[in-house]
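K.L.:
One-letter residues, chain by chain:
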Amino acid sequence: MNRFLAKLLIFSFFPVVTLYGVFLLENGTADPFYQRFTTPKQEALILGNSKVAQGIIPSILNEELKGIYDGKLYNYSFTVYNSPYGPAYLESVKKKLADFEGKRCFIIAIDPWSISSDINDPNNPDKFEENLLFISDIEEVTEKPNLKYLFKWFIKSYYEIILMRIKENQSKIHEDGWYETRQPLDETIQNERIAFMVNYYEKYLLKYSFSRKRLSYLEETISFLKSKGDVFLVRLPVHNEILAIENRVIEEEDFNELMGNLINKFNVTFLNNFQNRYNFYDGVHLDIESAKAYSQELANQISNFTE
Amino acid sequence: MLFNSFEFLLFFPVVFLLYWFVFQRNLKAQNAFILVASYVFYSWWDWRFLGLIAFSSLVDYICGLKIGSEEDTFKRKVYLGISLGVNLGLLGFFKYFDFFIDSTVQMINTMGFQANPYSLQLILPVGISFYTFQTMSYTIDIYRRKFEPTKDIIAFFAYVSFFPQLVAGPIERASNLLPQFFKQRIFYYTKAMDGMRQILWGFFMKLVIADNCAVFVNQAFNNPESQPASNLLIGAVFFSFQIYGDFGGYSNIAIGTGKLLGFNLMQNFAFPYFSRDIAEFWRRWHISLSTWFRDYVYIPLGGSKGSKYQSLRNIFIIFLVSGFWHGANWTFIIWGGIHAALFIPLYLFGKNRINIGIVSQNKAFPSFYELGQILVTFSLVTLGWIFFRSPDLSAAVGYTQGLFDMSIFQMPQMDIRVYLFMILVMVFIVLEWGGRREEFAIQKMAFHKPVIIRYGLYYGLVMAVFLFARKEQEFIYFQF
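Chains as they are written, first to last, in numbering that gives the first Met the number 0: chain A, 0 to 306; chain B, 0 to 479.
These are calculated hints, taken from the structure and not from any lab test.
Bear in mind the structure is a predicted one, so any value in this text is a computation, not a measurement.
Note that the Cβ used here is the ideal one computed from N, Cα and C, for glycine as well.
Hints may be right or wrong, so weigh each one.
[Said to hold, decoys possible] With the Cβ distance kept under 7 Å, some of the chain A side facing chain B (calculated, not the full set): (1) 2; (2) 13; (3) 14; (4) 18.
[Said to hold, decoys possible] As a list, the in silico DSSO-like pairs of lysine-lysine whose alpha-carbon atoms are at most 27 Å apart: (5) 126/A to 470/B; (6) 147/A to 95/A; (7) 71/A to 225/A; (8) 470/B to 147/A; (9) 470/B to 143/A; (10) 93/A to 40/A; (11) 143/A to 93/A; (12) 76/B to 145/B; (13) 171/A to 470/B; (14) 40/A to 171/A; (15) 65/A to 95/A; (16) 470/B to 155/A; (17) 151/A to 40/A; (18) 40/A to 65/A; (19) 190/B to 6/A; (20) 470/B to 151/A; (21) 6/A to 448/B; (22) 93/A to 212/A; (23) 6/A to 443/B; (24) 291/A to 166/A; (25) 166/A to 470/B.
Put together the whole structure using the sequences plus the hints.
P.N.:
Below is the structure:
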């Protein structure tokens with residue numbers, strides 16, 4: 000028996016070490032979220048869902064705002080399922096944020112989805128859908144390799160880590176947290192994707208309702224970040240058809256009025272006056288060029304505002 | 000609990016260590032421990048159905064004792080009838096009730112009358128088809144006076160619920176497995192290592208071959224009308240490897256786990272895709288089920304001893320029942336029918352037992368003739384699998400028709416990953432071929448090579464399992 004156990008133990012060592020080495024190879028190309036849980040604590044954060052993850056490029060803002068803010072922005076946005084405003088996301092944000100002495104700003108992206116819920120009781124945080132997802136489950140957000148994420152939440156097989164390093168790939172999380180994804184920009188395909196998303200959002204909409212509890216967690220998030228630096232609220236542009244659906248998510252309240260209340264309550268700035276001249280992969284997510292242009296415009300607005 | 004889950008990764012080492020270090024001195028305690036571990040293993044899926052296993056075990060335990068002690072033929076028959084009635088009743092209710100109701104309603108509607116569909120939406124208890132067959136073999140063998148009933152209720156319950164093979168077989172006979180519960184189990188290093196190799200090979204088959212083939216198979220079968228024939232062909236071939244990898248993999252893990260606990264479970268697959276005809280295929284595929292049907296259905300019906308007509312009838316029955324055993328769907332029955340249709344010509348011409356031994360027993364490679372036989376058999380089996388995999392008959396016919404299209408000559412539309420999986424399937428075939436004389440492919444592979452080569456092989460397989468495993472995928476045969 001001892002011989003058997005010893006042999007098993009010694010043999011296991013080699014594959015385990017190799018696997019550990021493979022984990023270290025992941026550079027943001029095999030999984031759209033993993034990298035955000037492996038980088039160190041960050042000085043300044045951009046919060047939101049997948050629109051933000053793809054649409055705001057921190058390096059552009061950091062370059063433009065370097066004379067104004069010392070803290071470097073990092074995109075810590077996930078998806079509409081994982082990162083609506085609630086206890087799980089707020090907790091994760093607190094863990095990811097570093098103590099920092101210099102001047103810094105935070106960008107909080109808001110849309111009607113981020114303060115709504117698809118559960119029966121949208122004001123019961125114990126039942127929030129993200130409680131069962133990685134944003135709630137991953138307690139250690141700066142660990143490399145992040146074994147809990149890799150074992151439990153990594154969506155692909157691990158060979159993809161190697162394959163994605165060899166193959167030219169379409170998606171990558173950059174060091175600043177921006178999720179770059181390349182999709183074909185053929186007009187027919189794009190229209191098909193927009194039609195699909197419109198259809199999907201229409202169905203999705205039926206399940207959603209405004210959550211006063213999420214709004215209060217958004218307020219808590221703003222309050223927490225306001226104590227650390229300047230806070231800017233933004234609403235990212237979307238395709239007009241998607242915008243029309245989004246505006247129907249919250250029927251009980253006027254979304255703009257809610258934002259107005261937040262501005263007054265926290266004395267923060269809401270940057271919403273963008274011309275909708277951007278191009279989208281699917282009506283929701285900005286394409287790369289538009290993401291660059293939008294990030295530049297956002298940086299300019301913040302810069303103008305602070306001047 | 001799935002073998003390919005973290006729960007099992009924690010569960011089994013704990014069971015293993017307690018089994019050998021704490022309970023080894025007392026056989027009864029060890030059996031009781033197996034029973035508890037097996038019930039924990041099963042209840043991880045749904046504890047409510049534990050009662051069903053316990054009930055089935057209790058009925059067969061009592062019926063076994065009664066049949067064994069009773070001399071009166073009529074009473075013996077009554078007790079056997081109770082055992083069979085309870086087991087088949089449970090199986091029929093949970094597995095086939097909705098199917099019979101649906102089929103009856105459809106038939107009534109076809110005849111022009113109105114009948115409303117009615118369904119209980121029953122959950123199928125995992126493993127019910129396996130453990131009910133296992134317990135039935137016990138009472139039938141006692142009735143036939145081939146086996147003495149046991150009075151040790153713990154050993155009997157542990158035999159019925161033995162966790163390595165509880166949910167997907169091999170379907171053990173009492174004559175093989177039950178006596179092992181009465182003998183002191185001894186830990187043998189060579190047997191344990193053999194078990195580890197078999198588990199490793201099982202995981203490779205399941206996690207590397209089956210689960211990765213499944214990705215392309217699902218694409219092909221979910222949307223066949225939008226795919227060229229070449230894609231459908233690859234989808235069908237991949238499904239052949241998926242189902243073998245899945246079920247053969249499970250069996251290997253089960254048998255290997257049994258070996259680690261000192262048990263010998265029966266071989267369930269013997270390299271079926273190297274069969275030279277359909278008859279040989281059925282001697283090599285799901286052996287525990289096909290021999291069960293042979294011993295408890297085919298032979299009692301008269302086997303091949305009666306007239307030609309009776310023999311053909313018996314063959315048809317056994318294949319149709321075998322198909323129906325897999326599930327309450329006409330696709331399975333047609334699948335059984337296809338195999339019957341392929342088997343009968345061999346039987347009529349007396350060719351069903353010409354390929355008994357191992358193909359190319361003393362050669363490294365098959366002859367062209369043997370290769371041709373293997374490919375033809377594999378193609379026919381694959382054609383049958385289309386019906387097995389399809390959700391309904393029209394989908395199966397549509398898929399089959401889709402194969403006979405000029406787009407079969409088109410380059411398949413595939414992602415780079417599919418080419419990668421093709422390479423893995425090739426590696427799998429080569430290893431299977433190399434080990435076809437053994438119980439499983441890598442049982443004695445590279446035994447006479449330097450240690451570094453042998454362990455290099457194991458290392459490669461472990462790494463393949465680590466790297467290619469997908470998120471926990473259920474075993475296909477859990478649904479049966």
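K.L.:
Would you list, in rising numerical order, the hints stated earlier that this structure does not obey?
P.N.:
Of the numbered hints given earlier, the structure breaks none, since each of them holds.
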